[in-house]
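The hints should help you fit chain B onto chain A, whose structure is shown.
There are 2 protein chains.
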Amino acid sequence: MSVLVVGSIALDTVKTPAAEHTDLLGGSASYAAVSASFFAPVKLVGVVGDDFPRAHLDFLTHRKIDLSGLQQVEGKTFRWSGEYMVDMNTRETRSVELNVFEHFTPTLNASHNATPIVLLANIAPSLQSHVLDQMNRPQFTVADTMDLWINIARGDLEALLKRVDMLILNDGEARLFTGENNLIKAGHKIRSMGPHYVAIKKGEHGCLLFGENEFFSCPAFPLETIHDPTGAGDTFAGGLAGHLAANVTGAVTFADLRHAVVYGSVLASFNVEAFSLERLRSLQPAEITARYEAFRALSQFEGNK
Amino acid sequence: MSVLVVGSIALDTVKTPAAEHTDLLGGSASYAAVSASFFAPVKLVGVVGDDFPRAHLDFLTHRKIDLSGLQQVEGKTFRWSGEYMVDMNTRETRSVELNVFEHFTPTLNASHNATPIVLLANIAPSLQSHVLDQMNRPQFTVADTMDLWINIARGDLEALLKRVDMLILNDGEARLFTGENNLIKAGHKIRSMGPHYVAIKKGEHGCLLFGENEFFSCPAFPLETIHDPTGAGDTFAGGLAGHLAANVTGAVTFADLRHAVVYGSVLASFNVEAFSLERLRSLQPAEITARYEAFRALSQFEGNK
Chain A
8 MSVLVVGSIA LDTVKTPAAE HTDLLGGSAS YAAVSASFFA PVKLVGVVGD DFPRAHLDFL
68 THRKIDLSGL QQVEGKTFRW SGEYMVDMNT RETRSVELNV FEHFTPTLNA SHNATPIVLL
128 ANIAPSLQSH VLDQMNRPQF TVADTMDLWI NIARGDLEAL LKRVDMLILN DGEARLFTGE
188 NNLIKAGHKI RSMGPHYVAI KKGEHGCLLF GENEFFSCPA FPLETIHDPT GAGDTFAGGL
248 AGHLAANVTG AVTFADLRHA VVYGSVLASF NVEAFSLERL RSLQPAEITA RYEAFRALSQ
308 FEGNK
Chain B
8 MSVLVVGSIA LDTVKTPAAE HTDLLGGSAS YAAVSASFFA PVKLVGVVGD DFPRAHLDFL
68 THRKIDLSGL QQVEGKTFRW SGEYMVDMNT RETRSVELNV FEHFTPTLNA SHNATPIVLL
128 ANIAPSLQSH VLDQMNRPQF TVADTMDLWI NIARGDLEAL LKRVDMLILN DGEARLFTGE
188 NNLIKAGHKI RSMGPHYVAI KKGEHGCLLF GENEFFSCPA FPLETIHDPT GAGDTFAGGL
248 AGHLAANVTG AVTFADLRHA VVYGSVLASF NVEAFSLERL RSLQPAEITA RYEAFRALSQ
308 FEGNK
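Chains A and B, in that order, are what the protein sequence lines are.
Numbers 8 to 312, taken from our numbering, label the letters of the first sequence in order.
Numbers 8 to 312, taken from our numbering, label the letters of the second sequence in order.
Bound-form chain A, shown alone:
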C-alpha cells in the first residue's frame, strides 16, 4: 500500500554548537516523506517557491516519491532558522518566513484521494482537516501536531482529533494540550478526545503508545552524540506510516503499531546523526535491519541467557 504525506517543505538554516548550515532541505513533509519511502511508495503534497533548489527535487525523485501533488509557485520557499543550545535539547527559533506557504491549500488529485494510509505531517490543523475532506475513506489516518497549534488553533485541533485514527505529539505538547503533568493520564485524556491511538514522543527517553486497554513503551536508541535533532519527530511519523503501509493488509492492530513505532524510532535515531536529511540520503536497508535488531536486544529481558 502507499502513503500520502501532506505537510510543510522548507529551506532550513540550522546552527548547533558544532556547526551552521543554510538552505538545508527541511519541513515536516520532507522528513516524513523520505523516511516513509524506505518502506512504501509515497505521494507528497506540499508547496515550494521558484527558488527551491533542483538538487532537493532530484533527491525526492531519487527516493521514488510521487511529486505530482507538489505545487511549485512564484515566490520564495518557506524558510525556518533555528539554533540549538549546548545540551542539544533546547532550541530557539531565530526566524520564520512563511513565503509561499502562507497561502498554501493542499489540493488532492484523483491519484491521491484513494491512498489507504494518510500522514498529516505537522501543518495547521485546519489544513489537515481540509485534506481529510478530500479523501475517499482512507484505511488509517495519522496526524502530527506541535505546540503552536495547541496555543493558537486548539478548536481546529480538537475538531481534527475526532477524524483521525492516531495522534503523534511530544511530551511537552501532551502536557500543554491536556494540562496533565503525568504522561499516562495525558495519553488517556487525548485518546478520549477522539483518536484510537496516541503516541507521545519523549526524545532520549523513547516513546509511549496508547491504545484501548493496551500500552507500549518503546525505548530510545542510545546515542552519545546528536548532530541535529531537527525533523526527528517528522522522521519518526514517516517511518511509522511507511511501515504500516508496507506491512498491514487488513485492519491496523495494536501489534502492527508496536512494530511501526519501533521502525519510526529506528529511522529517527539515524536522522539525528547528521544535519538535515543527510543521514537518510546514504541510509541502506541493511542498516535499518541491523538497528531494528539492536532495538530488540536493548529492550529484551527474556530468553537471552
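One or more hints might be untrue.
Identical copies carry no separate label here, and so any pair may be met within one copy or between two of them.
[As the list claims (entries may be wrong)] Simulated crosslink set (SDA-like; lysine to any residue; CA at most 20 Å straight-line):
1) Lys22 - Glu294
2) Lys22 - Met95
3) Lys192 - Val93
4) Lys209 - Asp178
5) Lys196 - Asp94
6) Lys192 - Leu305
7) Lys71 - Leu134
8) Lys209 - Asn189
9) Lys192 - Leu168
10) Lys209 - Met95
11) Lys196 - Glu231
12) Lys192 - Met92
Keep in mind the hints are simulated off the structure, nothing from the lab.
Quick look at chain B alone, frame taken from chain A:
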C-alpha cells in the same frame, strides 16, 4: 543465596499535596531489605534508637529479615522529613536529625561477612567501604549513592567505585557526578571509574543498564498516580539484589542483571502506590508475577501479532 543490606533506618515524616504522615518506617536499608525479602533471605545491618517503634521491628521480623546486625542504642532514631510538590517529582527536605545515626559504624558479625550478595544501600561511601573491609570476598556487590555524597565526599565515592561490581544512581546524580548531560556518555564514564555495571534510574522514564558492550533499557510501569515516591530507588536496589541472590548460582551475567533490573522496577512500581512501606506490607507474590508479565507486555514488540 542470601543478601546483606547495609544502610540507614529512619523515622520519616512525609507530606504530599494529598496527605501527611509522621513516624513512618523509612531509610534506605528498610526499603531495600523489605524489597529484597520478597526474593531471598536478608540480613540487615543498621542502627536505631531506643524510641524505634516495636511495630516496625515486628514488621521486619515478619518479613523474615535477620536483625542480628541491627544495633539498638540509647538515643533517638535518625529522622527525616520531606515534602513533595504538586508534580510529585520535586522534593524539599524539611529537616534531617541524624541522632544515633551520626556515630553509626556498621560492624559485621561472623554470620554476615560471608554473605554472597552485598547491597550497600545509600549511606556515606566511607561507611560503605568500611563494610567491604569486613567482607570475605562477596560474589557480587551493589552500591547505591546520592547527590549529597557526590557533593561532599567525592573522593570516598571514587575509592568505593573501584571495589564494587555495580553502582546505582539516578539521572540527575549521574549528570552531577560526570558533568555529562548525555546519559549514555555518563553511564560509560562511570563504568570507566570502576564498576562493571551501572544502572541509571530515570523515574517515570525507566532505567538504563550499562555493561561492557551491553546495554538494556528497562521501561517504567505506567502509573497514573504516585502516592509517595520516597524509597522508590532503595526498593529498586533491594529487589534487584534480592532477585540476583535468588536466581544466580555462578557468575552474574548481563542477562541475570536484565531480569534483576525488571524485578527491581516491579517492586519500586508497587512501592510508590502508598506511603512508606505500606504497599509492600500487603504485597503478594502473585502480584509480583502479574506485574512482571505486564512489564513484558508493555515492552514487547515481536511475536505478539
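Hint by hint, here is what the structure shows:
Proximity of lysine 22 and glutamate 294 under a CA criterion of 20 Å is satisfied in neither setting, with 28 Å inside one chain copy and 51 Å between copies. In this homomeric assembly, lysine 22 and methionine 95 come within 20 Å of each other (Cα to Cα) only inside a single copy, at 11 Å, whereas the closest approach across copies is 36 Å. Taking CA atoms no more than 20 Å apart as the test, lysine 192 paired with valine 93 passes between copies only; the shortest distance there is 15 Å, against 32 Å inside one copy. In this assembly of identical chains, the alpha carbons of lysine 209 and aspartate 178 lie at most 20 Å apart whether taken from the same copy (6 Å) or from different copies (15 Å).
For the homomeric pair lysine 196 and aspartate 94, the shortest alpha-carbon distance between copies (17 Å) is at most 20 Å, but the shortest distance inside one copy (31 Å) is not. In this homomeric assembly, lysine 192 and leucine 305 come within 20 Å of each other (Cα to Cα) only across copies, at 16 Å, whereas the closest approach inside a single copy is 27 Å. With identical chains, the CA atoms of lysine 71 and leucine 134 are never at most 20 Å apart, being 25 Å at best within one copy and 65 Å at best between copies. Taking the shortest Cα distances, lysine 209 and asparagine 189 sit within 20 Å of each other both inside one copy (13 Å) and across copies (14 Å).
Taking identical chains as interchangeable, the C-alpha atoms of lysine 192 and leucine 168 lie at most 20 Å apart only when both belong to the same chain, with a minimum of 17 Å there against 39 Å between chains. Taking identical chains as interchangeable, the C-alpha atoms of lysine 209 and methionine 95 lie at most 20 Å apart whether they share a chain (14 Å) or sit on different chains (19 Å). With identical chains, the CA atoms of lysine 196 and glutamate 231 are at most 20 Å apart between copies only, with a shortest distance of 11 Å across copies and 34 Å within one. For the identical chains of this complex, lysine 192 and methionine 92 are inter-copy neighbours only, at 18 Å across copies versus 30 Å inside a copy, given an alpha-carbon limit of 20 Å.
Checked against the numbered hints above, the structure breaks hints 1 and 7 and satisfies the rest.
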